[in-house]
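Residue numbers (the numbering used here), protein chains in the order written: chain A, 4 to 348; chain B, 4 to 348.
It cannot be assumed that every hint is accurate.
Lysine to aspartate or glutamate pairs mimicking EDC-like chemistry, simulated, CA-CA at most 16 Å apart [said to hold, decoys possible]: (1) B:145 <-> A:52; (2) B:213 <-> B:234; (3) A:145 <-> B:52.
These aren't lab readings, by the way, just hints derived from the structure by calculation.
Note that the coordinates shown come from a computational prediction; the quantities given were computed from them, not determined experimentally.
Protein chains: 2
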Amino acid sequence: MTKPRINTMEELSVAIGVSRPTLSRFFQDPTLVKEKTVKRIQDGLERVEYIPNFFATRLNRKSTGIIGVIIPYLNDLFFTKLLESVEVAAMEAGLTVITQCSHSDPAIEARAAETFMSMNVDGALVAPLGDHSDQAVHQRLKSRLPFVLMDSRPTTMPDVDFVGTNHPQSTGLITEYLCRVGEPPAFLAMPRVNFNALEREAAYIAQMEKMGFEPEVLGAEQINEGAHFEDHGEAIMDAEFARGKYTERSILCVNDRVAIGAIRAAARHGLMPGRAAKGGLRIAGHDDYPLCPYLNPSLTTVAQNTDAIGKKAVSRILEIIRGDVNEGVPQITLFDGNLKLRESA
Amino acid sequence: MTKPRINTMEELSVAIGVSRPTLSRFFQDPTLVKEKTVKRIQDGLERVEYIPNFFATRLNRKSTGIIGVIIPYLNDLFFTKLLESVEVAAMEAGLTVITQCSHSDPAIEARAAETFMSMNVDGALVAPLGDHSDQAVHQRLKSRLPFVLMDSRPTTMPDVDFVGTNHPQSTGLITEYLCRVGEPPAFLAMPRVNFNALEREAAYIAQMEKMGFEPEVLGAEQINEGAHFEDHGEAIMDAEFARGKYTERSILCVNDRVAIGAIRAAARHGLMPGRAAKGGLRIAGHDDYPLCPYLNPSLTTVAQNTDAIGKKAVSRILEIIRGDVNEGVPQITLFDGNLKLRESA
DNA sequence: CTCCAATATTTACGTATGTAAAAAAGGGAG
DNA sequence: CTCCCTTTTTTACATACGTAAATATTGGAG
Chain A
4 MTKPRINTME
14 ELSVAIGVSR
24 PTLSRFFQDP
34 TLVKEKTVKR
44 IQDGLERVEY
54 IPNFFATRLN
64 RKSTGIIGVI
74 IPYLNDLFFT
84 KLLESVEVAA
94 MEAGLTVITQ
104 CSHSDPAIEA
114 RAAETFMSMN
124 VDGALVAPLG
134 DHSDQAVHQR
144 LKSRLPFVLM
154 DSRPTTMPDV
164 DFVGTNHPQS
174 TGLITEYLCR
184 VGEPPAFLAM
194 PRVNFNALER
204 EAAYIAQMEK
214 MGFEPEVLGA
224 EQINEGAHFE
234 DHGEAIMDAE
244 FARGKYTERS
254 ILCVNDRVAI
264 GAIRAAARHG
274 LMPGRAAKGG
284 LRIAGHDDYP
294 LCPYLNPSLT
304 TVAQNTDAIG
314 KKAVSRILEI
324 IRGDVNEGVP
334 QITLFDGNLK
344 LRESA
Chain B
4 MTKPRINTME
14 ELSVAIGVSR
24 PTLSRFFQDP
34 TLVKEKTVKR
44 IQDGLERVEY
54 IPNFFATRLN
64 RKSTGIIGVI
74 IPYLNDLFFT
84 KLLESVEVAA
94 MEAGLTVITQ
104 CSHSDPAIEA
114 RAAETFMSMN
124 VDGALVAPLG
134 DHSDQAVHQR
144 LKSRLPFVLM
154 DSRPTTMPDV
164 DFVGTNHPQS
174 TGLITEYLCR
184 VGEPPAFLAM
194 PRVNFNALER
204 EAAYIAQMEK
214 MGFEPEVLGA
224 EQINEGAHFE
234 DHGEAIMDAE
244 FARGKYTERS
254 ILCVNDRVAI
264 GAIRAAARHG
274 LMPGRAAKGG
284 LRIAGHDDYP
294 LCPYLNPSLT
304 TVAQNTDAIG
314 KKAVSRILEI
324 IRGDVNEGVP
334 QITLFDGNLK
344 LRESA
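With the sequences and hints as input, model every part of the structure.
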């Protein structure tokens with residue numbers, strides 16, 4: 004059962020009687036070798052255990068076939084969904100994906116970038132840490148290799164390829180829906196450290212003004228450094244509900260995790276948000292976090308098209324790698340959000 | 004601003020006037036070089052941009068300093084929590100972590116294992132795919148390098164190092180609690196494809212019998228291949244509640260995601276699980292999924308000590324790497340669960 | 001000033017594979 | 001059977017760095 008183990012291509016070449024350069028070509032692309040020889044090699048590989056060395060193969064190639072991906076958090080299903088989409092698309096393109104998580108720490112993000120450069124990755128896909136990221140790190144990556152930002156984009160890097168969501172559209176959409184079907188919503192915001200959060204807040208304000216309503220933002224002050232989004236939403240709304248405020252209002256939350264906290268606060272005060280309750284409390288979110296359908300009440304939200312974002316990020320980085328680009332003209336791709344009507348609003 | 008870029012250690016050595024072998028030793032461990040030389044090298048590095056090549060450094064070392072981690076899913080906060088703990092512990096130990104996700108597919112898991120072998124990783128930490136994993140793959144990994152299983156353990160691999168949760172204890176604990184405080188629970192199971200799920204089911208039955216109650220298992224039949232855990236829990240309980248059954252019972256779910264589905268089903272039938280409701284519906288879970296505190300009702304559960312599991316897995320693999328092991332004696336480490344009493348039971 | 005020990009440099013080879021060019025082998029057409 | 005084209009083999013060098021041994025340098029003690 005246990006096959007003889009062969010450690011180098013050199014040994015393999017004597018073991019199955021095919022020259023090493025031919026083997027090298029075989030492992031890179033079997034079609035480069037005559038069919039009969041392919042057969043002989045495959046038969047030989049059946050009889051022994053041999054795995055080409057990853058480092059040696061990458062050391063002297065013009066292309067490593069690796070793309071590096073950085074995500075800011077692991078404990079957020081939005082980013083894991085995005086990562087899943089990226090990994091699947093990259094796999095289909097025959098790329099090896101090396102994923103690093105910043106763990107909310109710019110120093111770790113910077114180290115991940117170093118690792119990618121030291122690996123000569125073909126390209127890097129980065130979802131940054133809001134404005135905690137060290138932009139010099141992104142700039143350096145961009146200057147050295149194909150680089151695409153995902154999800155969130157610093158205003159100070161306008162010349163970078165980006166794939167994300169059209170927040171004016173997505174936030175406008177749900178704002179419009181809430182206004183149309185009931186009371187104009189207040190906006191439950193985040194402390195202003197996150198570009199997407201700011202974009203959504205601005206989009207909310209714009210849409211409200213467009214419809215002739217007075218925008219109203221709450222929760223922009225920092226409650227608790229390092230707390231989860233859910234805690235933020237719960238803390239803010241708990242305080243408001245305790246004072247008897249917002250109990251019959253519509254509340255658009257900056258994202259679903261904040262909305263989960265808000266719904267929780269409502270429940271603690273005996274409130275059940277829902278569109279059925281005319282004139283009563285409504286709560287909506289943004290993102291279509293995977294658990295939305297299972298919440299009580301299930302959460303009305305706008306879905307980000309994470310699947311499209313991941314696929315597009317991969318196809319775009321491939322374009323840049325292949326050089327099919329207008330030099331100096333960054334491509335900004337924004338996908339629309341889709342309304343997900345559920346019970347909460 | 005833009006420093007001259009240097010690509011090889013050779014060039015660097017002429018640029019700052021220190022020999023290449025000395026530089027090599029500096030990059031591996033600066034204490035191997037006299038302080039004054041260290042200063043000179045660091046000053047030189049300030050003036051140029053140089054990053055050692057990842058592949059070249061790993062090619063000829065006895066140890067790569069890399070550990071490979073495989074997790075079965077990304078879209079599950081339990082595994083991302085575990086992964087986070089592993090990454091932090093490995094980082095502290097100075098290891099580079101390469102993470103691969105199986106995406107529920109044994110073929111992808113097998114490819115990840117190949118990648119690790121081709122990288123000469125120092126060790127592999129694997130959370131398997133229930134019984135979907137190809138055990139020959141695990142066996143092969145184990146035969147070639149330090150290998151530790153996490154979270155779930157095939158009964159057919161008793162001779163492998165393992166770190167996980169003591170399910171008889173954890174499930175026994177919550178079963179005992181439910182019996183003590185109210186009606187003895189029924190067990191909402193999973194289709195029998197998951198070792199942990201089976202262990203918990205067995206532990207539930209054992210605890211019930213020990214306490215003189217009749218165990219009762221539901222949901223062990225497959226409802227919908229590929230559905231999420233939440234869907235499974237919701238579908239099973241929705242069907243039962245629709246027939247008016249289990250509406251005043253205690254239900255222990257095989258895990259929190261199934262419990263989330265069960266709570267959702269309850270809500271759709273106008274039921275509000277809770278320990279306050281004497282004699283009424285109670286629902287409990289297992290794992291302490293990060294969202295449990297924010298659900299309505301918040302979910303009573305048993306926490307797995309993911310942090311301890313991740314840390315221990317790393318420290319154990321380090322022991323094996325260093326050779327501090329009783330050859331042939333696998334170490335099985337099981338951490339106890341902790342009761343998390345919340346509203347739902 | 002000389003000697004000794006610590007440190008650095010030189011030299012040389014090793015790691016596993018990619019890659020290019022020249023030489024040899026193989027196969028089919030004429 | 002020979003010629004020509006395709007494929008393979010041979011040969012040689014490249015990749016970027018690790019590592020060991022021999023040699024040179026340095027700094028301080030005596």
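request  = For the pair we were handed, residue 145 (chain B) and residue 52 (chain A), check the Cα-Cα distance against 16 Å.
outcome  = Within the cut-off at roughly 15 Å; holds.
request  = Take the C-alpha atoms of residue 213 (chain B) and residue 234 (chain B), compute the straight-line distance between them, and say whether it is at most 16 Å.
outcome  = violated, 32 Å
inquiry  = Check the hint pairing residue 145 (chain A) with residue 52 (chain B) against an upper bound of 16 Å on the C-alpha distance.
reply    = holds, 15 Å
The structure does not agree with numbered hint 2 stated previously, though it agrees with all others.
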